[in-house]
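Enquirer: Model the placement of chains B and G with the ligands on the given structure of chain Y, informed by the hints.
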Amino acid sequence: MSTPGETPPIRYYLLRIVFAGIVILSCTWVLLPIIISILYAFSSPQDFYSPKEIIPLHYTLSNIQKLLALGAARATMNSIIVAVMTVIFSFALGLPAGYAFARFAFKGKDSLKLLIIGLRMFPMLVIAIPLVTLYIKLGLNDTLLGVALAHTTMALPFVILITSSIFVSVPIELEEAGYVFGLDRKQTFLRITLPLALPGLTAAAIFTFIMSWNEVFMAAVLTLTNRTLPAFILTSAMAAPDIIKFAASFIMILPALIFVFIARRYLVSMWGITVR
Amino acid sequence: MTSNKQGYSLVERYLPYLLIAPALGYLLFFIGYPLTQGVLLAFTDQNGHFTLQHVYYLLYSPSSNFWPALEDTLALAAVIIPIQIMLALGFSLMLSANFKGKDMALYILIIPLTISDVAGGLIWYSLLTANGFFNKLFMALGIINQPIQFFGYQFRPMEFIAIVLAEVWRATALVFVIIFAGLQMISREYIEAAEVFGAGTWTKLRHIIFPMLKPSVQTALLIRTLFAFQVFGVVMVLAGRDIPVLAGEAYYEQTILYHYGVAALYALIIAAISVVIGYIYIKMFKAQYLKEVAM
Amino acid sequence: MVDVRLRGLVKRFGKTIALRGIDLDIRDGEFIVLLGPSGCGKTTTLRIIAGLEKPDEGRVLFGEKDVTYLPPKDRNVSMVFQSYAVWPHMKVRDNIAFPLKIRGVPQEEIDKRVKWAAELLQIDELLDRYPHQLSGGQRQRVAVARAIVIEPDVLLMDEPLSNLDALLRVKMRSELKKLQRRIGVTTIYVTHDQVEAMTMGDRIAVMNAGKIQQVGTPEEIYLKPANTFVAGFVGSPQMNFFDATVKLDGEKLLDAGEFTISLTGDLAAALKDYNNKTVIVGIRPEYMYPRELAPKNMIGPEIKGVIDFVEALGSDTIIHLKVGNKHLVIKISGSHHYRIGEELTVIFGLDKIHIFDKNTGRAII
Ligand SMILES: Nc1ncnc2c1ncn2[C@@H]1O[C@H](COP(=O)(O)OP(=O)(O)OP(=O)(O)O)[C@@H](O)[C@H]1O
Ligand SMILES: [Mg+2]
Chain Y
1 MSTPGETPPI
11 RYYLLRIVFA
21 GIVILSCTWV
31 LLPIIISILY
41 AFSSPQDFYS
51 PKEIIPLHYT
61 LSNIQKLLAL
71 GAARATMNSI
81 IVAVMTVIFS
91 FALGLPAGYA
101 FARFAFKGKD
111 SLKLLIIGLR
121 MFPMLVIAIP
131 LVTLYIKLGL
141 NDTLLGVALA
151 HTTMALPFVI
161 LITSSIFVSV
171 PIELEEAGYV
181 FGLDRKQTFL
191 RITLPLALPG
201 LTAAAIFTFI
211 MSWNEVFMAA
221 VLTLTNRTLP
231 AFILTSAMAA
241 PDIIKFAASF
251 IMILPALIFV
261 FIARRYLVSM
271 WGITVR
Chain B
277 MTSNKQGYSL
287 VERYLPYLLI
297 APALGYLLFF
307 IGYPLTQGVL
317 LAFTDQNGHF
327 TLQHVYYLLY
337 SPSSNFWPAL
347 EDTLALAAVI
357 IPIQIMLALG
367 FSLMLSANFK
377 GKDMALYILI
387 IPLTISDVAG
397 GLIWYSLLTA
407 NGFFNKLFMA
417 LGIINQPIQF
427 FGYQFRPMEF
437 IAIVLAEVWR
447 ATALVFVIIF
457 AGLQMISREY
467 IEAAEVFGAG
477 TWTKLRHIIF
487 PMLKPSVQTA
497 LLIRTLFAFQ
507 VFGVVMVLAG
517 RDIPVLAGEA
527 YYEQTILYHY
537 GVAALYALII
547 AAISVVIGYI
557 YIKMFKAQYL
567 KEVAM
Chain G
572 MVDVRLRGLV
582 KRFGKTIALR
592 GIDLDIRDGE
602 FIVLLGPSGC
612 GKTTTLRIIA
622 GLEKPDEGRV
632 LFGEKDVTYL
642 PPKDRNVSMV
652 FQSYAVWPHM
662 KVRDNIAFPL
672 KIRGVPQEEI
682 DKRVKWAAEL
692 LQIDELLDRY
702 PHQLSGGQRQ
712 RVAVARAIVI
722 EPDVLLMDEP
732 LSNLDALLRV
742 KMRSELKKLQ
752 RRIGVTTIYV
762 THDQVEAMTM
772 GDRIAVMNAG
782 KIQQVGTPEE
792 IYLKPANTFV
802 AGFVGSPQMN
812 FFDATVKLDG
822 EKLLDAGEFT
832 ISLTGDLAAA
842 LKDYNNKTVI
852 VGIRPEYMYP
862 RELAPKNMIG
872 PEIKGVIDFV
882 EALGSDTIIH
892 LKVGNKHLVI
902 KISGSHHYRI
912 GEELTVIFGL
922 DKIHIFDKNT
932 GRAII
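Protein chains in written order, with my numbering: chain Y, 1 to 276; chain B, 277 to 571; chain G, 572 to 936.
The following block holds chain Y by itself, in its conformation from the complex:
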């Protein structure tokens, strides 16, 4: 006679096996395309064009080199410059605002915050088209600065909200202790609040960098010769052989993968904030 206490464990283990299968399948669904595309980016052309080699056996750097020679080297550099400028601009403007939202009570705070939240939902890509006219007048068309200014518009609402929530998480008692021991507001901010907020701010900066690095529509509209990497891929690399395109996708995702690894602890909460 089997006691009821003993039957569940068997079902329990069966369920666990099925469950493990589902987990593995889900992870494969995400990882497999990335792994394959990276392998193909380094595949020798013979292996790629041979129907037999599902996974390439011979690897080469020549795809990457050819892509860089086509102009991707400069485009990558441009992308980095634009992204760094975007981070600097959006933090210079957004950090003080974020601090104000976190630490002050003032009239109109809620409506202002709501406005920022609303602006974050705004499809920023639409500003690129009319901006061209302004940029031509100002001599900003086809410049990296011009792209960075547009990207700053896109990143700014996010930076304000995220820095505000980071500052909120720094206990106010620690700041008050600073005042008690004779620091003024500025000193307290620089010596107490900022160091405590630094890890979160770094993650937010990384995130902003990626945002700009990935943006393609504005970059493609606002540049002609000074292409950023995604704009370059869209306009030039699409005519190149397949294997060169894979190299392009590798360069595109490389910083993203590195940064996911560095900032992974913050990633979920950060996206949580951007979309809440």
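The hints are simulated quantities; they were obtained by calculation from the structure and are not laboratory data. Ideal placement from N, C-alpha and C gives every residue a C-beta, glycine not left out.
If you want the footprint, here are the derived chain B segments under chain Y, 3+ residues with CB under 8 Å:
no.: 1; segment: 300 to 306
no.: 2; segment: 372 to 379
no.: 3; segment: 388 to 402
no.: 4; segment: 412 to 421
no.: 5; segment: 500 to 513
no.: 6; segment: 532 to 541
Result set (DSS-like, lysine-lysine): computed pairs, CA atoms no more than 25 Å apart in a straight line:
no.: 7; chain 1: B; residue 1: K490; chain 2: G; residue 2: K672
no.: 8; chain 1: G; residue 1: K625; chain 2: G; residue 2: K636
no.: 9; chain 1: Y; residue 1: K113; chain 2: B; residue 2: K559
no.: 10; chain 1: G; residue 1: K586; chain 2: B; residue 2: K378
no.: 11; chain 1: G; residue 1: K662; chain 2: B; residue 2: K480
no.: 12; chain 1: G; residue 1: K662; chain 2: B; residue 2: K490
Listed next, with one range per pair, are the computed distances between beta-carbon atoms:
no.: 13; chain 1: Y; residue 1: E173; chain 2: G; residue 2: D645; range: 48 to 58 Å
no.: 14; chain 1: G; residue 1: G610; chain 2: Y; residue 2: A20; range: 31 to 41 Å
no.: 15; chain 1: B; residue 1: Y429; chain 2: Y; residue 2: W29; range: 23 to 33 Å
no.: 16; chain 1: B; residue 1: P487; chain 2: Y; residue 2: V18; range: 19 to 29 Å
Expert: Structure of chains B and G with the ligands alone, referenced to chain Y:
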């Protein structure tokens, strides 16, 4: 001394506004100016006179792709979003269980968050192209004996599928993060209480988890719908103009045809749709959510 | 209705060991109280009985049935959660009705029972509100109502009255107890309120640090604590403890330094293995009397000290007495005027003292 003190408190009083002003001014200029400029571009001719010629072109010209673009944008959204919501719900439920390697699985599932639409398109291109991974794999397995063609104008339905796959793969992570965060906020005890009172898996899902997840699902839906009207990079990479979308047409009119007025009109349309969706969302869901689930 | 038996339950959470081998037999229809300090494993024990947690070792038996691995839904238990777990998206009415709906009870019957439970807990006015519109105590009553609308085999309650005002708490105690008598459901009730434990429990299981220290009726727990922990945990103010050396050569006595306690024949016999060793002596504050207030023909040890501090509680007076380096607490009923610094002689009955092994803390007598 007293004047000094007063000056100080004055600065203190206006400090928050001073801190916010630069950011707000920047945003208002960089959104307000282009929008005004956009209206001018869309409704005036070269001489600055009011005209509807761009509107007529957009709506009726045989060389305008507006209606197909609207249709395909909507079609993509209609297919992609439900799949993403289901998948994200599944992933979230999966990760709400405790198991070894849970953190690892979480990190893996959110990797696509940081991958751009262009890169996502290229990654799926490497899987689906004639010499791509899946074609080679299925041929080696003997399931097919010649490659399935996904790309090219004559294979538009397949291109559509490729876009769906790439977008589901890339952007489900975003929906997942929103829903997962919502699920995390549901205290375990709410679910356990249901178990104690005899609820099976389905009852738990239907009466406890889904109702409590409603606000998160609605947020995810909103964000995804907004993004759907901005879809661009993936489509350009995988299908070019074979499958026209609103942002793609705007780009094409602007950079290839130099129809600045028409491009601006597209921009305004996308902006208007987004504003309307956002407004509906706030009106319909937000209020209700605040009323019911303010815990 | 079933009896519940716990056999050697061990539960670890990472490095912390929440339960270190819990053995407990709960009779069919019994009202047992788990009493213990915060973090001792009471909630964990309940959760294992409910099936929300699987023990690392040990078994749970309902009657003859081993339910250790049975999911909660198949156990027919009901529970009041310590944090209430009242579903925020359902109205009070739907919260209470939920267990009935799952069991497929007809709507008419559901309405009747919800009404009954709501009236019993005085929340019938609140049935159409959402939980966020309730106070903490009201929410707790919803949780209790939800637990009692069904007739489970085992009713688990995790501090169900902790958030109620004194008046309501006293009333709810007797209501719950009456209800339990009437339906005769096996009930496991967690509290760290001694009065609640004493007044409600058929038996009390005192827990500490993941182990059961003693199981017994309220009288047994109070009068015959099995060790220093139980002796110290039950009773208020806490039992007085002091070290004393057993002297059985010559005059038989307990030497506490500042004073001595002469031992009668049977006490001395019980302590014969402890000659010249140190033991812990315990005496409850309520069994010590200032000599002038002692019952008429009371004989027993007397201790002289100086009044250090007096707490006048109205119904009781608590005197803190300094005896050399020792500090004794005496509780007398009624209000009395004692001045700080005054000398006071207290007397107590030899039959009221407890003696514990200094090393193991176990009661010798
Ligand atoms: N999920 C958990 N993860 C880690 N440790 C836990 C967990 N649940 C309980 N513990 C630990 O197990 C021990 C027993 O916890 P338990 O909740 O059973 O205490 P309790 O007796 O109910 O206390 P209280 O009276 O405060 O409710 C505690 O040390 C607690 O920190
Ligand atoms: Mg507890």
